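*Asks:* Chain by chain, the residues:
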Amino acid sequence: MAKALIMIMLATSFFLSSIAQVTADQPYVGGYLDGTVVNGSRVIADVYFRDTDYSSIPSSKWLGTVISVAGALNNNPITNPSGVVYQNGLLLLSNGSVRWAPQAWLIGYPLCYYEKSVGNCYYVAYYERIDISSPSVTYKIFAYPSGQSHDNDNPAIYTWLNQTYAGDTTFLIGKQLHDGVYYKHFQFGVESNQRITETQWSVGNNMVAYYNGTAWYYYSGKTATYGNNAITWASGSAWGIGGEAYAGVDAVETDAQYVRWNYTGTSVSNDVSLWTQSGISYDWVSKPYQ
Amino acid sequence: MRKILGFTTLVALIIFSLVLFVESSTISDTDAAADVSSDGGPSSTSFHGIPFLTSMEITDPQIAPKYGINGYLHISNSPETPSELTLGEYEQCLVFLLRFVSFSPEVTETQVTLDPSGPGLSIEQVCKTGTFKVNDLISYNVSKTITIKAGETIPVALILHKPPANFAGWVSFPAGPVGISANVPIIDDTEVTVYG
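Protein chains in written order, with this note's numbering: chain E, 426 to 715; chain F, 1011 to 1206.
Please keep in mind that the hints were generated in silico from the structure rather than gathered at the bench. Keep in mind the model is a prediction, meaning the values are calculated, not measured. All C-beta atoms, glycine included, are put in the ideal place defined by N, C-alpha and C. A few of these clues could be false.
As the list claims (entries may be wrong) - Covered stretches of chain E, as calculated for chain F (at least 3 residues, CB under 8 Å):
| no. | region |
| --- | --- |
| 1 | 464-475 |
| 2 | 510-519 |
| 3 | 599-607 |
| 4 | 649-655 |
| 5 | 663-671 |
Could you build the full structure based on these sequences and the hints that come with them?
*Replies:* Shown next as structure tokens:
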């Protein structure tokens, strides 16, 4: 009897710690636009997975690339976030399919969620974009399946219409110091449910920008590692993207508005410069996202 | 004596299990404030992570309720609906399956709105001659709002019309159940590509 109870308790302990471990993962590494905090009505990044051997990703894992932005009321004053974070992300799965999962969060709970398959890893480009126009938020994906569709600027455009939360009317872009913490209000990067170490995966983030009312604009870019990547504050706490540092991921290729994240085994440090330029974003597509 | 030893071992294991669980949970929820202060200067602000959820987490009854998710709507192709089709001269009928999964005995049903011109997903296709909205080509065979009980699967027929003649330059476009909204997370597993 005692032996049976011991076995049950050991199994229970293993089971409970396993559940906690699942939620403890969510490795993340990203970047942010490093400039004075301003309001923006749209954010965007061009992302791709095409250099990744998807077949080496275990079926229990996903490789994501996510843009995240803090919501705010523009009379609150303009630099005070509401605590809501809007996220638009794509996931590469072990079968090569790419799924889209827009979502919004407040103090650790999701406010809305949608998921749909939007293509595969061979697509030459996807643009992830989030627009705010109170009382609505639209999450968009511009999917370019081939070089021809890219050259001709003929994407399929997926839009998920949802609502703003906490009275948000605008997004915050850039960086600000609040109560001793630097908040990086618009971030882009890579995230998984668990670290993918089985292949030297590669994810590109390009044309990272925000819309300032007249043009797509960008600041210089720096890395933001987990724990140093607070994006908003709420209920007296700082809230950052992910659940732990994505160990082994480096920023191996950079240029203005561009970084390629690569699992090499070497971890990129926090606040490393990705690019120093800033200005109006010029794209090689004729901006159907304009 | 043997009984006392067994009981003591049992109590010790219970305490060990709880400590292990609480420690693991704490790691998942909060990091030390030092992580924040190392970047922004002296601060006592606590730091929390925001996870990114996917269908792997949302469909897991062990994980989803931790985030206040009590169920989800799953949409899939019916077995007779192809993932690729050629749109000839006539409209096409495609059948999709809507299933509501509940994690709570208190959540017994959900209301789902199907309105191609309403909130939810919309799809546009850019082609040589302009941009057409796939939602404008779609109508449903059911009323605008339906109730789906927990565990129930409801087939919904979607009528897909041809794009207007002035968009003749299109090569292919994605189609599927657009304009669907509900008060629970939606996981849309449908995949249909239409060719000319």
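*Asks:* Now tell me if each hint is right for this structure.
*Replies:* Consistency of the hints with the structure:
Check on the region 464-475 of chain E: 0 of its residues sit with their Cβ under 8 Å from a Cβ of chain F, so the three-residue criterion for coverage is violated. With 4 residues having a beta carbon nearer than 8 Å to a beta carbon of chain F, the region 510-519 of chain E meets the requirement of three or more and the stated coverage holds. Using a Cβ-Cβ cut-off of 8 Å, 5 residues of the region 599-607 of chain E lie near chain F, which meets the minimum of three, so the contact claim holds. With a threshold of 8 Å between beta carbons, the proposed coverage of the region 649-655 of chain E by chain F holds, since 4 of its residues qualify and at least three are required.
Using a Cβ-Cβ cut-off of 8 Å, 7 residues of the region 663-671 of chain E lie near chain F, which meets the minimum of three, so the contact claim holds.
Of the hints listed earlier, the one the structure fails to meet is number 1.
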